[in-house]
Every structure is written in C-alpha cells, then in structure tokens.
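Can you make the complete structure from the sequences, with help from the hints?
Order-wise, the sequence lines are chains P, W and B.
So the mapping is simple: my numbering equals the position in the first sequence, first residue as 1, plus 6.
So the mapping is simple: my numbering equals the position in the second sequence, first residue as 1, plus 96.
So the mapping is simple: my numbering equals the position in the third sequence, first residue as 1, plus 1.
Wrong hints could be hidden among the right ones.
Each computed EDC-like pair below joins lysine to aspartate or glutamate, with the alpha-carbon atoms no more than 20 angstroms apart [as the list claims (entries may be wrong)]:
#, chain 1, residue 1, chain 2, residue 2
1, P, Lys-143, W, Glu-134
2, W, Lys-143, B, Asp-314
3, W, Lys-100, P, Glu-103
4, W, Lys-192, W, Glu-261
5, B, Lys-92, B, Asp-348
6, B, Lys-269, B, Glu-311
7, B, Lys-263, B, Glu-252
8, P, Lys-10, W, Asp-266
9, B, Lys-391, B, Asp-366
10, W, Lys-103, P, Glu-288
11, P, Lys-203, P, Asp-104
12, B, Lys-92, W, Asp-309
13, W, Lys-143, B, Glu-311
I should point out that these hints are in silico values taken from the structure, not numbers from a laboratory.
Keep in mind the model is a prediction, meaning the values are calculated, not measured.
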Amino acid sequence: MKKKQFFRVIEPYLYLLPAMFFFSAFLFWPFLKTIWLSFAMTTPLGAVSSFVGLGNYLSIFTSQAFQNSLFVSFKYAVMTVTCSIVMGFILAIISNEDIKGKNLFRTFYALPMAISAAAASVVFMFIFHSSLGIINKVLGTHIGWLTDPKYALNAVTIVTVWMNIGLNFIFLTAALQSVPLDLYECAAIEGAGFFAKHKHITIPCISPTLFFLLIINVINALQAYAQVKLMTQGGPSGSTNVIVYQIYQEAFMNSRFGMACAESIVLFIILMVLTLIQFRLEKKVTY
Amino acid sequence: MKNKMAKYLLYILNIFFAVIIISPVLYCFNVSMMTMKEVFSGGFWPKQLIPDNYIKALQLAPFFTFIKNSLIVSCTVTFGQIVTGALAAYAFSMMKFRGRNALFLLMLATMMIPSQAIIIANYLIICDLGLKNTYTALILPNVASAFAVFNMRQAFLQLPMEIKEAADIDGCGNFRFFCFIALPLVKPSMGALGIYTFLQSWNHYLWPLLVTDSVNMRTVQIGLGMLQGAESTDFRPVMAGSMIILVPSILAFILGQKQLISGLTSGSVKG
Amino acid sequence: MKRRKKWLAAIMAAVMSMTLAACGGSATSGGTTAAGSSDAATTKAAADTQAPAEGGKTVITLWHAMGGVNGEATEALVKAFNESQNEIEVKSEYQGKYDDLITKLKAAMQSGSMPDVCQMYDIGTKFMTDSGHAIPVQDMFATTNFDPSTVMNIITSYYTVNGKQMSMPFNVSTPMLYYNKDVFKAAGLDPNTPPKTFDEVLEFSKKIVESKAAPVGYAQAIYGWFFEQQIAGQGKYYANNENGRKAPATEVDFLNNGAGLKIFETWKKLMDSGYADNYGSTTADTQTAFFSGQAAMIIESTAILKTATESSDFEIGTGYLPKIDASATDGGVIIGGASLWMMDNKDEAKKNAAWKFIEFTTTPDSQATWSMSTGYFAVNPKAYETPAMKDFIAQNPNFTTAINQLKDTPVNGYTAGVLSGVATESRTIFNEAMEKTYDGTYTPEQAVSFLAEKVNAAIVNYNSSTK
Chain P
7 MKKKQFFRVI EPYLYLLPAM FFFSAFLFWP FLKTIWLSFA MTTPLGAVSS
57 FVGLGNYLSI FTSQAFQNSL FVSFKYAVMT VTCSIVMGFI LAIISNEDIK
107 GKNLFRTFYA LPMAISAAAA SVVFMFIFHS SLGIINKVLG THIGWLTDPK
157 YALNAVTIVT VWMNIGLNFI FLTAALQSVP LDLYECAAIE GAGFFAKHKH
207 ITIPCISPTL FFLLIINVIN ALQAYAQVKL MTQGGPSGST NVIVYQIYQE
257 AFMNSRFGMA CAESIVLFII LMVLTLIQFR LEKKVTY
Chain W
97 MKNKMAKYLL YILNIFFAVI IISPVLYCFN VSMMTMKEVF SGGFWPKQLI
147 PDNYIKALQL APFFTFIKNS LIVSCTVTFG QIVTGALAAY AFSMMKFRGR
197 NALFLLMLAT MMIPSQAIII ANYLIICDLG LKNTYTALIL PNVASAFAVF
247 NMRQAFLQLP MEIKEAADID GCGNFRFFCF IALPLVKPSM GALGIYTFLQ
297 SWNHYLWPLL VTDSVNMRTV QIGLGMLQGA ESTDFRPVMA GSMIILVPSI
347 LAFILGQKQL ISGLTSGSVK G
Chain B
2 MKRRKKWLAA IMAAVMSMTL AACGGSATSG GTTAAGSSDA ATTKAAADTQ
52 APAEGGKTVI TLWHAMGGVN GEATEALVKA FNESQNEIEV KSEYQGKYDD
102 LITKLKAAMQ SGSMPDVCQM YDIGTKFMTD SGHAIPVQDM FATTNFDPST
152 VMNIITSYYT VNGKQMSMPF NVSTPMLYYN KDVFKAAGLD PNTPPKTFDE
202 VLEFSKKIVE SKAAPVGYAQ AIYGWFFEQQ IAGQGKYYAN NENGRKAPAT
252 EVDFLNNGAG LKIFETWKKL MDSGYADNYG STTADTQTAF FSGQAAMIIE
302 STAILKTATE SSDFEIGTGY LPKIDASATD GGVIIGGASL WMMDNKDEAK
352 KNAAWKFIEF TTTPDSQATW SMSTGYFAVN PKAYETPAMK DFIAQNPNFT
402 TAINQLKDTP VNGYTAGVLS GVATESRTIF NEAMEKTYDG TYTPEQAVSF
452 LAEKVNAAIV NYNSSTK
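And the structure:
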C-alpha cells in the first residue's frame, strides 16, 4: 500500500521528467552562463576579460539606444499582437463554416508560415519598394515604406502579421473543433445571430487557446528580429530597432557578448513580468 | 434567402483573404520562372514557364540531400516535442502536486530567453559531447519546448473535468487515461502543434549552420543561403529553391490538417 | 501572507532546479566554460586534428562564405588545386554569409575546431589579427620563395598590419559609379562622360530629372563602406595612428580633419535637391532601383557588374567613384571584399598544406578564371595578360574602368583603409547618423559629432576588452 502511495506522490514528476531533462541541459544551464556573462566584459572572442559587476546593466539603462529599442518593441508588439490574433480569429471562423473548398482555404492561410525568410524578404522588398513597389502603385503614393521613420515600423509589422497569421489561424482552428456543436444548435434555436453566437459561445469556449496565443504572440513579438535584420537593419533612424535586434547586434556584430547577455536578462525579466500579469488577468476572466 | 446571402459573403471573404495572403507566395513562384530582366521590369506574371532557375538552384545546392536531412530532423523534433510536451502538460493540467505552479512558471520562463544569448553556449555543449556534425546535434536541443508544453496544457484544460472524474471513479490509471482518452480528445491541438513545430524546425538556420560542417549533414535553409551572393544576388534561384523546399511543408500541413479537424464531434464529450 | 509564501516556494524551486541543472551540465562540459581560454582551445585543437586521409594525403579544411555563382567559382578553384597535385586535399565548406561565418569561427575558436584556411571579410581583419589564432601569411613566404609582389600592392596594403601581411586577398572589389547610358542620351548628356565629382553628379541629376529621362537622377545605399571610401578619396584618415595601422586606433580622425563633415554636407545637399533619392540601407533596394531604370546613377561594388549587365534592359556605363573634393590628389578607393586566413591548428603539415593552397589561389591562371567567373578583381596583375582575360576585358569594357580606377589609386595610408575592431558597429552607427541627417533630425555638423562620439566610445570599449 505504501508503495502505491509513494508512486502517487512521484507520478506527476515522472511526467515532467523528459521535458525537464532537455530544458535543464539546453536552456537552464546556458541561461546560468548568460547570467554569469552579464556581469562581465568580454573579449571579441566571447571570453571574459574582466568582471564589471553591474556595469553592463548601468550602461543599458543610461543608453538611449536601448531605451529607444524598448519603446519601439512595445509599439511593435501592440500592433502585431492585436492584428495577428484578430486576423487569425477571423480566418479561423470564416474557414470553419460549412463551405466548399475550405481545406484549400485553410492551406492557403497557413502557407506563409512555410515560406522561408530569405524568399519573403525579397518579395517584400519588391512590394514596399518606394519607386517600383506594388503598394505605392496601388495607392498612387511615393512613400518610402522602409526608408521613412514614420512608416518603417508599420511595414515591418505588416510583414510580421503576414508571417504570424498562420500560427494563430492554425491554433484557433484546432480550438474551434472542440467547441461542442450542440451549444451552437441551442443558440440557433434561441435565434442568436452570427455575432452573438461567436461572442457568447465561441470566444468563451476557446478562451484557453486565446490566452495561450496572447502570451505566445507577446513573447514572439518582443523576440522578433529576423524581419528587421532582413528589411531595415534597425533603421531608419532607429525606428525599427527592436530589442532582440539590438541584442543580436551586440552579441554577433559588435562582439560585446557580456552586454548582449545583460540585455537578454532585462528582456527576460520584462517578459516574465508581462506573462505573470497576463496569468493574473486570466484568473479574473471566467470561462 | 438570408442564409444564402451569408454563404456568398463567406465565399467572398475567404477568397479576398486567400488572395491577399497567397499573392506573396505566388510572386515567389512567378519570379522563379522569370528571366533576369523580367524581374526588374516590374511585372507580376512571368512570360514563360521555364525550369532554368530550378536547374540552377539544384546545381548550386544539393537540395534533395538537404530535404532528406531536414525531414529527418523536423519529424523527430516534432515527434519529440509532442511526446515531451503532452506528458508534461498532462501533469500540469490533470494532476495536483507540490510546486506545480512554480515548475510550470519555470518551464514557461524558458520561452523568454532570447536564443541569441544561449546559442553559443549550446554549441559548446554539443562540441563537448562530441556530437558535432550529427543528426543528434541538430535534434537534441529542440526535443522539448515550453511552447509545446503550454499548448498541450491549454488543450487539456479545455476538456471537461467530468471525464477525468469519471475515469478516476472507474479506477482508470493515469497513464491509461492519458494514452487512450485524453490524447485522442486533443488530437486537433496535437495536429496544430505538429504543423507548427515541423515548420519551425524546417525554418531553422543558425543552429544547423553552427553544428554541421559537411554538406551532407546540412538542412534546407542553409541550402537557400548557398544560392545568395555576397554583393548581389540573382533572386530567381533563391525563389526556385524556396519553392522546392515548400513542397514538403505543404505535405506536412495536409497531414497535420487531418488531425486538426478530426477532433471532437458533438457527443463524444458526453460519452 | 499566504501568497508570499507561495512565491517564496516558487523561487526556491527555480533556484534548486537550476543548480541541479548546472551540476549536470558541468559534468559534461569539461574544460570549456562559456569561453574557454585559448590554452584550452589549442590543446583541444591538437587532439581534434583529423587523421590524414588514405594515401597519405594531408587533408585541410577551407571555410568560405561564397554563395551563388561565387560559390561555384570557389568550388572550381578548390577542385583545380586538388587535381593539380596529389599530396594535399582541400575540403571546402560553405559556412553561411560573412556575418554567419565570423560567428561560427568565433564559436569554433572557443571549442578548438577551427578550419585550416578561413575566408574573412575585410572588416574582420582586426578581429583576426587580435584573436591570436591566425598565422600571418607573410611568415610563410620564405618556405616556398613566394614573391610578395605577385599580388598588387594596393590590394595587400589593406591586409597589412604593423608592416606584416596577415592574410591573402581573395575576393577583391571597390565601389564605382554605374550609370544608365540610355537615360544620359535622353537627357542630352554625353553617354561616355560620367560625372567625376559630386558637383557634377548633382548637375547631371538635375538635367536627368528635369528632362524627365528618369524619375531619379542618383541614388546610393546608406552604407558605411561608402563613407569610408569618401574619406580615403579626400586623402584623409578615418582614425588616428595612421588609420590604426601604426598603433591601435584610439579615436576617429574624420571629425578633426573635416573629411566627415564634407561628406555629410555633400550628400545632404544632393538629397535635399530632390534629384536624388534614398532607398535605405539594404543595397539590393538601390540596385533594384537602378536595374529597373528608376534611378539613372548609383554607386555600387565593382563585383556586381555582371549582375547589372544581365539584369537591366539598357546600356550600362561605368565611371570612377565621384569625388567630394576634386583637388585631392593623394586619395583614391579602398579595396573591399575578403581574404584567406591561415588558422593556427598547431600542425606543421597542415600549415604547409594550407599555405600551398593559398599560394595556388594567386597564380595568374587561378586569378584569371576566378575574376572572369565572379567579377572580382584578379589580385595578380599577370592574370590580366593571360589570353582568356584579355578577351574577357575586350568584351566587357566596363571592367576596364574598375581595373583602371584601382591602378590609378596611390598606395598610401589613406587608401589602405581603417584597421578597426569596431568596423561593423561603426557602420551601423553611420547608418543612424546618415538617416537622421536625411530626415532633418541632425544637421551635418551634429551628425558627424554624433558619429565620432559613438565610434570613439566603441573604440575605447574594444581596446579595454582586448587588453
């Protein structure tokens, strides 16, 4: 009997073991090194040349570039997260109705996820090009989408939303499958319209997925850098210099690994706080 | 009458969004068919359908080898993440134990570490283990992800608690319940997770570049890099290469989509 | 109160599992902490050396960053070398673009798994020199009686540090002016007379735009390389201590010698005129504007000549890089591109093999083939006398412009270019300074002092981290 009880106690941990093993080896352990390096000045090779205590952190918080990148990142996150989730939701709903060819539509909606960054950057270079680009041709404007600080972040956001739609669409489509159909039937009998139906049944039913996507999108948005690297290199005038691009540059271009580590820790803390706040909010929302 | 209108509206909306979303992809294909001068003349459609750029792409990089490698890596990674993710998520959502919230938070925290900060450290670990230039090196660091754990946890949370309670009363053990009841019920989420994980892994660039040296161990995204020049790039083979490596991803999506929509039909929850 | 306890538990659990992870990790990762000292790296390197292949051949590895047609040409060169003798086999491995390659090399230096020969871009020269893992090629000249004048002086000067040639130039290019001859004709300009100074660039652009021959007269990418070029073009130093070549640079020189301000003023004036346009910091965007006929003149690398000819529907003309200051006589262009470095794997046989391969890349035939298939310069002047190359130049007169521009450049400290450990960062800072000048945030004066201040800070940081 005792044996069984013992098993009861450790059973949950056994389920966690495989994942925890890999996390420990390839995430926690390197992260400890990151913390350690964040207190050091590093040689261009990445070795510690001297410990500077909180020096890296102090220079981060006095650096205008970093403050700017925080601001840019938040603006960017708000725009991309809202647009990607709303778009993903709309697409999941309209392709979940009883229509012909919905599998085809679904494949189309997920396709941008499979396009490599190298190809996408070329395509968007042509789309946003100030004198050749299709957007300027359609709008009849001459806007430097990637060269005018007023527009560049919007252009990067559009590309990101295009790339992220697939993610939100797929997970929302999956979530929609588990909404019990009889709830819709009841709603139909009660005469609920299209919007009422989704507001009162769909959204509450899939709210765990929505919550999941919110957190994931915020993290993804605050960690985005590939689009920026390919399209604007953080410019013009630092208007697209998001945090992780800043980190990427410090680590791999400027060879200031210690500094990059300190910036990573700051980002880590920011994300942690944001996630905790979202978890708090989740508890308040009932579903 | 109203119903029919609504249906037309749905078609129009779907077609509208599909066109917008698909046209950049279509443009990739079009460029892969163009001549050099056509690319810069500003047209959308190619004047001809020629395989030249595909031949060029295959000449510059052995894409079939790369696709094979990427398939091995991405499939294993996908399988690994679903298994490790589902197991951990099951514990987090269906079991009560000490430190549950703390451990969950700890796992979530791994998502917040920028990969730039740890990639070199991971490279050194792989070197020390003597795993450089192997499939293991490509796969190992990606076998578990907090994303998968979190996603599966949410899927399990979406299941009605009554099922679990009923199973407990019937004396159904946790592992049996997990394998035969819980997992089949969250198939759509597994399908979604599978598609996402596969594509993520398919798109990896820097990690495979760091841990592999020889051309026969490399993956598709490095192949695309091999098509690009230093000062200027002929975009057409890049586009052709992107189209070549798009095919397996579409197949993955079609496979995943079957799971995605094969979930609960009404009634199975009650059963 | 209760909640606080829960939090405490959470933190405790986190710390504990992290320590556990740390123990597990350190057991597996013997000698290398985050950054292994160079001793650890070298001992490991010795242990890691690959066994010679069958038949007693010495096998060496080459890492390069050449994609596309340049990648093909690199493979062809390696193949030619392997077939030319039967003692050495070079294995060439593509390691991503320049930026990826340097990241990978840094990681490899730490883990002691360096290649024997590594390509490195121009601005990585200081890093390679300071890394302590490279063998200066000049140390190897005597072993095979290599004549240092085999390679043009103006080209080796860039890769010479403290009077010693560190690496062998491999792919070499300079910037030059590309223009659309059809547009020149339509605007009533002589299609065989490109502008020589920026005053003329402005004047020509005005004619082009006003005659509606093209919507944009002139464009150049926001690219630090062009800024460095124009400093050398004025016969001035970028940084002190003779561009950091006599002793490590401690601060920039372009602020005090006025060269920086002249450049910012000239370019700002050009952009404000409305006859020129800015397509941002991605060079491909500016190339696209030119190939499509939108912009009539651009500044680009000589290496894109082939692409430009194939991509555009009009006749292309080329000219020397326009000057800011027409009176400067001891100025000229700085070479860019990349060179081949010998990595120190403490293996005598490999070292000699690596040098023999590098020497092979400089022969007239190798260079002629390389130059014709890639569009880079042939570094060996004798290559231009080979029949194949003569035919090639006769068919591509624009290539002559590139060669002549290089030949007309005096060999001195200005045109050797700056030797800087923070070159990449300086270019990023330049981008911001230039963008803020174009959009009116900064006056040219403010931009130059912003640039100088930031680059100086980076230099100070670099120097203290390498002490």
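We went through each hint and held it up to the structure:
Taken as a hint, the P:Lys-143 and W:Glu-134 pair is honoured in the structure, with Cα atoms around 18 angstroms apart against an allowance of 20 angstroms. Taking the CA atoms of W:Lys-143 and B:Asp-314, the gap is near 16 angstroms; set against the 20 angstroms cutoff, the hint holds. Of the supplied pair hints, the one linking W:Lys-100 and P:Glu-103 holds, its CA atoms being roughly 13 angstroms apart against a limit of 20 angstroms. About 13 angstroms separates the Cα atoms of W:Lys-192 and W:Glu-261, which keeps this hinted pair within 20 angstroms; it holds.
Restraint check: the Cα-Cα separation between B:Lys-92 and B:Asp-348 comes to about 17 angstroms, which is no more than 20 angstroms; the hinted pair holds. Restraint check: the Cα-Cα separation between B:Lys-269 and B:Glu-311 comes to about 32 angstroms, which exceeds 20 angstroms; the hinted pair is violated. For the hint linking B:Lys-263 to B:Glu-252, the alpha-carbon distance of about 19 angstroms falls within 20 angstroms, and the restraint holds. At roughly 17 angstroms between alpha-carbon atoms, P:Lys-10 and W:Asp-266 fall within 20 angstroms of each other, so this suggested pair holds.
Our distance criterion of 20 angstroms between C-alpha atoms is met by B:Lys-391 and B:Asp-366, whose separation comes to about 12 angstroms. At most 20 angstroms may separate the alpha-carbon atoms for a hinted pair to count; W:Lys-103 and P:Glu-288 exceed this at roughly 35 angstroms. For the proposed pair P:Lys-203 and P:Asp-104, the alpha carbon gap of about 16 angstroms is at most 20 angstroms, so the pair holds. Of the supplied pair hints, the one linking B:Lys-92 and W:Asp-309 holds, its CA atoms being roughly 10 angstroms apart against a limit of 20 angstroms.
For the hint pairing W:Lys-143 with B:Glu-311, the CA-to-CA distance comes to about 17 angstroms; that is within 20 angstroms, so the pair holds.
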